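Undergrad: Residue numbers (numbering that gives the first Met the number 0), protein chains in the order written: chain A, 0 to 567; chain B, 0 to 567.
I should point out that these hints are in silico values taken from the structure, not numbers from a laboratory.
Quantities reported herein were computed from a predicted structural model and do not represent experimental measurements.
Heads up, some of the hints might be wrong.
Repeated chains share a single entry, so a pair holds when one copy, or any two copies, can fit it.
What the hints assert, rightly or not - In silico DSSO-like cross-links for lysine-lysine, where the CA-CA straight-line distance does not exceed 27 Å:
#, residue 1, residue 2
1, K326, K422
2, K422, K328
3, K475, K326
4, K106, K340
5, K124, K106
6, K351, K316
7, K383, K459
8, K340, K41
9, K124, K55
10, K328, K412
Number of protein chains: 2
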Amino acid sequence: MPKSRKKTNKYESVKSKKPAVNASKGVSEVDSLRAEIIVLQKQVNILQAISEITAKDFKLSDILDRFLSTVMDATSSEAGSILLVEKHTNALYFASAKGGKASQIKKFKLAIGEGVAGWVAQTGKPMITPDAAADKRHTTRFDKNLKYKTRNIMCAPLKFDHDILGVIEMLNKKKGKAFDNRDLETLLIFTPYISAIVKNAGLLTDNKEKIERLEHLMGITEYVNSTLELDILLDKMLAASTHMLQAEAGSILLLERDELVFASATGAQKETIKNIRVPIGEGIAGWVAREDRSVLVADAQNDPRFFKKADEKTTFKTRSIIAVPLKTKQRLVGVMEVINKKGGDFFNEDDKNLLEALANQAAVAIENAKLYTETQDMFMNTIKCLAETIDKKDNYTRHHSDGVTTYSMEIGKALGIPDAELKELKIAALFHDIGKIGVDESILRKPAKLTEQEFLEIKKHPDEGANILEPIPQLKDILPVIRHHHERFDGNGYPAGLIGEDIPMHSRIISIADTLDAMLTDRPYRKGLPLETCIQEIQHCSGTQFDPEIVAVAIKAIKKYFSKKVKK
Amino acid sequence: MPKSRKKTNKYESVKSKKPAVNASKGVSEVDSLRAEIIVLQKQVNILQAISEITAKDFKLSDILDRFLSTVMDATSSEAGSILLVEKHTNALYFASAKGGKASQIKKFKLAIGEGVAGWVAQTGKPMITPDAAADKRHTTRFDKNLKYKTRNIMCAPLKFDHDILGVIEMLNKKKGKAFDNRDLETLLIFTPYISAIVKNAGLLTDNKEKIERLEHLMGITEYVNSTLELDILLDKMLAASTHMLQAEAGSILLLERDELVFASATGAQKETIKNIRVPIGEGIAGWVAREDRSVLVADAQNDPRFFKKADEKTTFKTRSIIAVPLKTKQRLVGVMEVINKKGGDFFNEDDKNLLEALANQAAVAIENAKLYTETQDMFMNTIKCLAETIDKKDNYTRHHSDGVTTYSMEIGKALGIPDAELKELKIAALFHDIGKIGVDESILRKPAKLTEQEFLEIKKHPDEGANILEPIPQLKDILPVIRHHHERFDGNGYPAGLIGEDIPMHSRIISIADTLDAMLTDRPYRKGLPLETCIQEIQHCSGTQFDPEIVAVAIKAIKKYFSKKVKK
Numbered sequence: 000m001p002k003s004r005k006k007t008n009k010y011e012s013v014k015s016k017k018p019a020v021n022a023s024k025g026v027s028e029v030d031s032l033r034a035e036i037i038v039l040q041k042q043v044n045i046l047q048a049i050s051e052i053t054a055k056d057f058k059l060s061d062i063l064d065r066f067l068s069t070v071m072d073a074t075s076s077e078a079g080s081i082l083l084v085e086k087h088t089n090a091l092y093f094a095s096a097k098g099g100k101a102s103q104i105k106k107f108k109l110a111i112g113e114g115v116a117g118w119v120a121q122t123g124k125p126m127i128t129p130d131a132a133a134d135k136r137h138t139t140r141f142d143k144n145l146k147y148k149t150r151n152i153m154c155a156p157l158k159f160d161h162d163i164l165g166v167i168e169m170l171n172k173k174k175g176k177a178f179d180n181r182d183l184e185t186l187l188i189f190t191p192y193i194s195a196i197v198k199n200a201g202l203l204t205d206n207k208e209k210i211e212r213l214e215h216l217m218g219i220t221e222y223v224n225s226t227l228e229l230d231i232l233l234d235k236m237l238a239a240s241t242h243m244l245q246a247e248a249g250s251i252l253l254l255e256r257d258e259l260v261f262a263s264a265t266g267a268q269k270e271t272i273k274n275i276r277v278p279i280g281e282g283i284a285g286w287v288a289r290e291d292r293s294v295l296v297a298d299a300q301n302d303p304r305f306f307k308k309a310d311e312k313t314t315f316k317t318r319s320i321i322a323v324p325l326k327t328k329q330r331l332v333g334v335m336e337v338i339n340k341k342g343g344d345f346f347n348e349d350d351k352n353l354l355e356a357l358a359n360q361a362a363v364a365i366e367n368a369k370l371y372t373e374t375q376d377m378f379m380n381t382i383k384c385l386a387e388t389i390d391k392k393d394n395y396t397r398h399h400s401d402g403v404t405t406y407s408m409e410i411g412k413a414l415g416i417p418d419a420e421l422k423e424l425k426i427a428a429l430f431h432d433i434g435k436i437g438v439d440e441s442i443l444r445k446p447a448k449l450t451e452q453e454f455l456e457i458k459k460h461p462d463e464g465a466n467i468l469e470p471i472p473q474l475k476d477i478l479p480v481i482r483h484h485h486e487r488f489d490g491n492g493y494p495a496g497l498i499g500e501d502i503p504m505h506s507r508i509i510s511i512a513d514t515l516d517a518m519l520t521d522r523p524y525r526k527g528l529p530l531e532t533c534i535q536e537i538q539h540c541s542g543t544q545f546d547p548e549i550v551a552v553a554i555k556a557i558k559k560y561f562s563k564k565v566k567k
Numbered sequence: 000m001p002k003s004r005k006k007t008n009k010y011e012s013v014k015s016k017k018p019a020v021n022a023s024k025g026v027s028e029v030d031s032l033r034a035e036i037i038v039l040q041k042q043v044n045i046l047q048a049i050s051e052i053t054a055k056d057f058k059l060s061d062i063l064d065r066f067l068s069t070v071m072d073a074t075s076s077e078a079g080s081i082l083l084v085e086k087h088t089n090a091l092y093f094a095s096a097k098g099g100k101a102s103q104i105k106k107f108k109l110a111i112g113e114g115v116a117g118w119v120a121q122t123g124k125p126m127i128t129p130d131a132a133a134d135k136r137h138t139t140r141f142d143k144n145l146k147y148k149t150r151n152i153m154c155a156p157l158k159f160d161h162d163i164l165g166v167i168e169m170l171n172k173k174k175g176k177a178f179d180n181r182d183l184e185t186l187l188i189f190t191p192y193i194s195a196i197v198k199n200a201g202l203l204t205d206n207k208e209k210i211e212r213l214e215h216l217m218g219i220t221e222y223v224n225s226t227l228e229l230d231i232l233l234d235k236m237l238a239a240s241t242h243m244l245q246a247e248a249g250s251i252l253l254l255e256r257d258e259l260v261f262a263s264a265t266g267a268q269k270e271t272i273k274n275i276r277v278p279i280g281e282g283i284a285g286w287v288a289r290e291d292r293s294v295l296v297a298d299a300q301n302d303p304r305f306f307k308k309a310d311e312k313t314t315f316k317t318r319s320i321i322a323v324p325l326k327t328k329q330r331l332v333g334v335m336e337v338i339n340k341k342g343g344d345f346f347n348e349d350d351k352n353l354l355e356a357l358a359n360q361a362a363v364a365i366e367n368a369k370l371y372t373e374t375q376d377m378f379m380n381t382i383k384c385l386a387e388t389i390d391k392k393d394n395y396t397r398h399h400s401d402g403v404t405t406y407s408m409e410i411g412k413a414l415g416i417p418d419a420e421l422k423e424l425k426i427a428a429l430f431h432d433i434g435k436i437g438v439d440e441s442i443l444r445k446p447a448k449l450t451e452q453e454f455l456e457i458k459k460h461p462d463e464g465a466n467i468l469e470p471i472p473q474l475k476d477i478l479p480v481i482r483h484h485h486e487r488f489d490g491n492g493y494p495a496g497l498i499g500e501d502i503p504m505h506s507r508i509i510s511i512a513d514t515l516d517a518m519l520t521d522r523p524y525r526k527g528l529p530l531e532t533c534i535q536e537i538q539h540c541s542g543t544q545f546d547p548e549i550v551a552v553a554i555k556a557i558k559k560y561f562s563k564k565v566k567k
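Can you make the complete structure from the sequences, with help from the hints?
TA: What follows is the structure, encoded as structure tokens:
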């Protein structure tokens, strides 16, 4: 654009310190000096105006409005606007506009290079267009849309160091005149100040956003770390991530051996999608796992990496995705995806960075939860295994502990026992016959009626069980449950003959479950009894052997359990 | 101070737009106009100078230096300085100084109210002191110290909205003159710009510090959450906190029932202080726990809340403390303290806030670690208990599993086996005889020599043990260890007759530990053998029954273990 460059070079003289009025001859020296003073005084007034705007508050829009008014006054412009570069889109938006069709113009944006303002933003050079209609760079889009007649234009870039932050544009010099070099000189007095303020405001806004985001992340970190139960953790994490990124949906895939497995998902497809396996390298999540880096996919349907299986199983339509690897310092744990920004927007780089920052913390939390869950499973599996081993000593009661545990849990849940206590009930139920470890197999397996001595031997097992587990501080609450699981509600049980509510509640539950399992199970001398008979027998013993209040709930819970089991 | 107020009121005329030179009569109009132009042109030049400084970089010290030079030129000052209010101390420090004794003055600070600059900072009013010696507000401290002669002073506040950010001070007008109103007018052109830049720089610095702190916190959070082992976690947490706050020492107290117990401490007193109990309400930590809020104690020795017991036990002298409650959403977990800022400084509110922010995350991590540690202890205690119960079936081997486990761990550690594998070795050692659960007690307890049939029965226990634990996925790696703990290095063992390194390494360790415990233990028909004899026997069987490489390490480890035990 050699033509325009020429024009701009001319404007460099604008900054010359030589009083411009000296150029005019033919007027008296006094008039000339007076004219000079008026111009200088005007510039000093600008200094005053700028200083008043500068050292007050930092609300950018107010400052820009005040600057714009002052510049319009100083340059006798009909209308004016300050356009700033929008970070994500790189387009120019109207940060401030006054005069003309100001109220309507704010909804428009301008591409860099579009119109005179776009040209100035692109080249970084100020310019005057004395006749807009004759300048090819002028866009008629706004005039047509807003029914406004742009006669002439003066426009300067807002630069900080070498960055172009935006453009200030004046339209239509008043009284039908055109803008001249003197006007541009005035305009250029202002631009460094506006630029500095825009730059500063941008930095402050960036920092504030960063602080808010970090504080939010700290909150989320605390929130997700507040549980070690893996399933709950994953659900919490996904809820926090999708909320934070305003995503329609999300999912977490965990690495299991060499595959990714959907471990948690939000929304309607939650259950459908769970346990779908994705090989490393397949689909977007698989790609992320293989490449070990995050990805922002604007248009998933047209991305060859997109794994359509998940969508096919549901009615969900994936538009855009951010997927980030979940990794600790040591290893890849899985992949987290968020899908479809709400309101039809696309995800951007900031969203991706945010999810990445969360992912580090999430990976650590997942590792912890997995470790905890595994330890807990190991414990439960081990005591289940050992209980079964002890069950096997007695030929009749193979899987007895398992049955008692299942029924106890059903009854416990129906009674509304909280989760932490249910865990204790489970351990007690699995261990209720642990004391039989010391009873001779010849007695346990004896097909004939036991002698009184043998029965006394058997009756030792609740005490014996509690004694075995006594050294374990973590199990101290379940000792009485084991010790008293053969008590009767009417006080005729053993070993202590406790009555009614003196018997631990969990013992009263296990007592019912124990009897139920014994009745249901085949014995060498009889088949297991039908469920209906067992329930009748339990009902019959309500208030004598069993706690009547628990019996009422237990019978409903047991019926429900078996009707579900039959359906399966 | 009525006198000074009068003086300052006079300066309000400084801002009047009326050209000051009009006051001078008796000169020709042209001369008068020319003088006017020179003044205005000078002010416009200032505008130019300011704009050049404004829209460049943001390094505050450079900008202040350039502003100061420009102002000194414009006001013909010999020396000048920009003093800013220091956040924590509220004193004025020299952010920029030029001319005179500039290089030396930067080490000094000025109290608000001290000297002319201090007076201006206090009142927020500009002033001229035509004769410094005659003005009582002038401090002679700097002149005396630096051997400088201050003749006259001009000074203006740097204000943003209503905040006083600092002061700009000019000393000694050149050519022996004094500063006049015109000079002050010039100075006051600059102050709004300097103020705005100082304010902005302050905001940016604050934000940057906040961002750094938050990012640091995120890093620490990830770091401390990277373990669930409580002891390691507490040590990591304390290391991170003391490092972050530049503290000489620190400690974490955990709430146990109704008392605080020192669970971790840094520095030399680490072991001495551990397990000291502090009642709620006693000492600074006790106060924090009771009041449920953090505290910053500048002078601990003179604070009645300070609990001197800890210092008395050590040679450590506590100067200042920050103590914060460690609490989750649900409950108080403990208290964290950091002690004595390095370099003799005191802790400040920022330090306290930082520790508070970390405390939330720390409390959650501690809760998790406690839960995990408890679950793991529960598991270990349970299998230990059950192993002992099985040991009891055999009258000779009471505590056998415990002994085998202890010796296996000593050997394993001496071999340099990593922690995670040691845990597996421990489980395998505790469970190595679990298969005996199915062996008849009459065989186990038989005092006479076993029949071949009975011996075959006994020899089933390694296989049987592995079979019992087989359904537990978390224990799959220890199954072969249990199955092969009766193999011999020469291939003459059972059940599989494996040879040499085909036998799992952990089995080879347990094999030695098993034999050692059997030899050491009393039997009805003989006393336990002396350690020396046992070791000779193990040495004797090196290469036949046992892996010679492990024997070499094992014998050293066992000797070391028993010599330590004797000392205790």
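Undergrad: None of the hints should be skipped; say for each whether it holds.
TA: Now for the hints, and whether the structure bears them out:
1. In the homo-oligomer, the alpha carbons of K326 and K422 lie at most 27 Å apart only across protomers (25 Å), although the nearest pairing inside one protomer, at 31 Å, exceeds that limit.
2. Taking the shortest alpha-carbon separations for K422 and K328, only the inter-copy value of 22 Å comes in at or below 27 Å, while the best intra-copy value is 33 Å.
3. In this homomeric assembly, K475 and K326 come within 27 Å of each other (Cα to Cα) only across copies, at 26 Å, whereas the closest approach inside a single copy is 38 Å.
4. For the homomeric pair K106 and K340, the shortest alpha-carbon distance inside one copy (22 Å) is at most 27 Å, but the shortest distance between copies (55 Å) is not.
5. Taking the closest pair of Cα atoms, K124 and K106 come within 27 Å of each other only inside a single copy of the chain (26 Å); across copies the shortest separation is 46 Å, beyond that limit.
6. In this homomeric assembly, K351 and K316 come within 27 Å of each other (Cα to Cα) only inside a single copy, at 20 Å, whereas the closest approach across copies is 49 Å.
7. Taking the shortest alpha-carbon separations for K383 and K459, both the intra-copy value of 22 Å and the inter-copy value of 22 Å come in at or below 27 Å.
8. Proximity of K340 and K41 under a CA criterion of 27 Å is satisfied in neither setting, with 52 Å inside one chain copy and 57 Å between copies.
9. Only between protomers do K124 and K55 lie at most 27 Å apart by alpha-carbon distance; the minimum there is 17 Å, versus 30 Å within a single protomer.
10. With identical chains, the CA atoms of K328 and K412 are at most 27 Å apart between copies only, with a shortest distance of 26 Å across copies and 40 Å within one.
Hint compliance for this structure: hint 8 alone is broken.
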